[in-house]
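**Student:** Use these hints to put chain D onto chain X, whose structure you have.
Read top to bottom, the protein sequences are chains X and D.
Position one of the first sequence corresponds to residue 0 (numbering that gives the first Met the number 0), numbered consecutively onward.
Position one of the second sequence corresponds to residue 0 (numbering that gives the first Met the number 0), numbered consecutively onward.
Calculated from the structure, these hints are not laboratory results.
This structure is a prediction, so every number in the text was calculated from the model and none was measured.
Warning: the hint list may mix true and false statements.
[Unchecked claim] Calculated pairs, SDA-like style, for lysine to any residue (alpha carbon to alpha carbon, straight line, at most 25 angstroms):
hint, chain 1, residue 1, chain 2, residue 2
1, D, 168, X, 85
2, D, 176, X, 77
3, D, 284, X, 174
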Amino acid sequence: MQQTIREITGQLEQCGYIANADLAAAVVLMRRLGRPLLIEGEAGVGKTAIAQALACALDTKLIRMQCFEGIDVSSALYEWNYSRQMLHIQFHASRGTALTESSIYDEAFLLERPLLAAIRLSRSPVLLIDEVDRADEAFEAFLLEVLSEFAVSIPELGRIEATTIPLVILTSNGTRDLSDALRRRCLFHYADYPGFERELAIVSARLPDVDEQLQRQAVRFVQAVREWDIVKRPGIAETLDWIRALNGFSVTDLTGCESELESSLSCLFKTSEDRCLAGQLIRHQRVENILSTHA
Amino acid sequence: MHEPAGFSIGKLTGFIDHLRQQDFPVTTGDVVQCAETLAGLDEPDLLLSRRVMRVLLCRSQEAWRIFDQVFQAYWSPQQEIGAERRDVVEQHDRTARVAGISGTTGQESELYDSIQGAFGGAGRQNALVRADYRFLNDRTAMKRVEMMAERLAERLRIRTRRRYRLSRKGKRLVIGKSLSESIHTAGVPLRPWYSSRLPEPPKLLVLHDVSHSMTFNNPLLVRFTRGLIRRFRDSHAFVFHTRLFQVTEIFRQRTLERMKAELEHNDGLWLGGTCIADSLSEFRKQYGKRILTTSTRVVIISDGLDSNDSQRLARELIILRRQSRMILWLNPMLGREGFDAQKQEVLSIRRHVDRLLPAHNLESLQNGIRALC
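Next up, chain X with everything else stripped away, as it sits in the complex (with noise of 0.2 angstroms):
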């Protein structure tokens, strides 16, 4: 397993994810075991990137369900094209040809949703519920029976049997706290904001480009700054975003250019209060000293 481990982990950084050996073990159970691997974790580490790399490291297609407040079975299941269907009987009408009921009730009206598209693939795809804690708890339980059984019954087609089990990845933020019988079904990841040495390798990885110095700068910065009692602290995609604004600056060295940090900080905070104190921190303890006592 621990060869499995090396190996799910390298496929993954081929495709751009610094994993670490705790999500490539819950990566690798998930395949071994066919069940859905619940994540979970403040936005921005890297949940929804993992089932990208996934699929990408396995070569297979990445189907996405984004949950919503109100999301129902026809949005993520199956919905018939009743539009077509007008147009079907209206046609036949003009020609004055019998129809069937089957014939309108035919897979060629049949507008296949992420689920019921997740299931008929010949090949396993990766499943990606994201934000299943944004969904209702109706839809939670509706979620419960297609992940335990991988069937789904269309009354006027009958049972659908699924061809390949998909690798299915739950993303939760952690709005609203999942039943017990989700997590039960589910393997459990929490996806906590990287250390200093995995956030510089996933900037080294994603922003090659990008001056050596400034990256290990910036990254020390950001782990600094998560430490602040801030309401939302920055993650990697924030990292990221920040470093490019940076690089656009032409800044190599963080000390000496608080002008250009003072106008890239909108990339790091994003609520108004988180702005203003971080402002004011940097004014009060500068740049060169809250890099150094990170270091």
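**Tutor:** Then chain D, alone, in the frame of chain X:
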């Protein structure tokens, strides 16, 4: 079931028992799958086994965070001796701090203030004696507060119920949206859009601090909370000091006498130290799933004097804010002279709630309700 590599089944089940004692909801199916997976490992490796067990046996962020510690304590206890010693020393200090404190009389209040390390006099002591609820008896003065709270709650209820949203089913046709959505099919078939009320009516949750430091403010604020709870149908009330108690039904009693009798019937409900972060965490774990939704408006009534770590409080507030629609913190100290609103603790709270408002008089409470609408 195969014997896991490097583990005996007996030791593994012992570990599972250990986890269950720490509130890990481990099922028999999990144990079987865990044993089978461990048996499938090429070579016994404690680090890898820990990773595998963590993925299989954890269900939540809290469990994930403490798993390593629990694992370490069970499988390599010798490395934990130092930590255990620290715990013993800490526990000893804590018991020394709270011994003999009941938290109700003037003498004890001095004792509160003398406790080291507690912010603004907030301590961890539990309520050990009965509180005096006679402050509820001042009928004429307090009736006004309650009626005002009821009026405000009614206004809040009407306002929040007025919200509509577009949907595919409903009774009120939205002509503009229906036409614009049907342009690409030239009106055949017409796909109508309707406006409908929000599927879930708004909820109100009041978390009321009844610790010793709130004694002066509570005559007004308890009646205020009672008014809100009685008028707002889908509302819940909790009081907290070092522990949390659900008091919705008590506050909904028809007469004050009944409410008072109910309060007196429950020992340890009132007064004591303050552990806000602990109380919020307890609320989230015990009642969060049932009460917190994206339509829940949370009102916290507290002076913010807390014996818990301010970072823990911040973390709990972030989670609470994420799981609810908004948090309104009513602080009776804010409007009082001499209170430093720029204190680090107050600023920290301000950052993690939607509104932080004073609650020292009727006018400020009115403003508080307006902020909820």
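**Student:** Sort out which numbered hints this structure fails and list those numbers smallest first.
**Tutor:** Failing hints: none at all.
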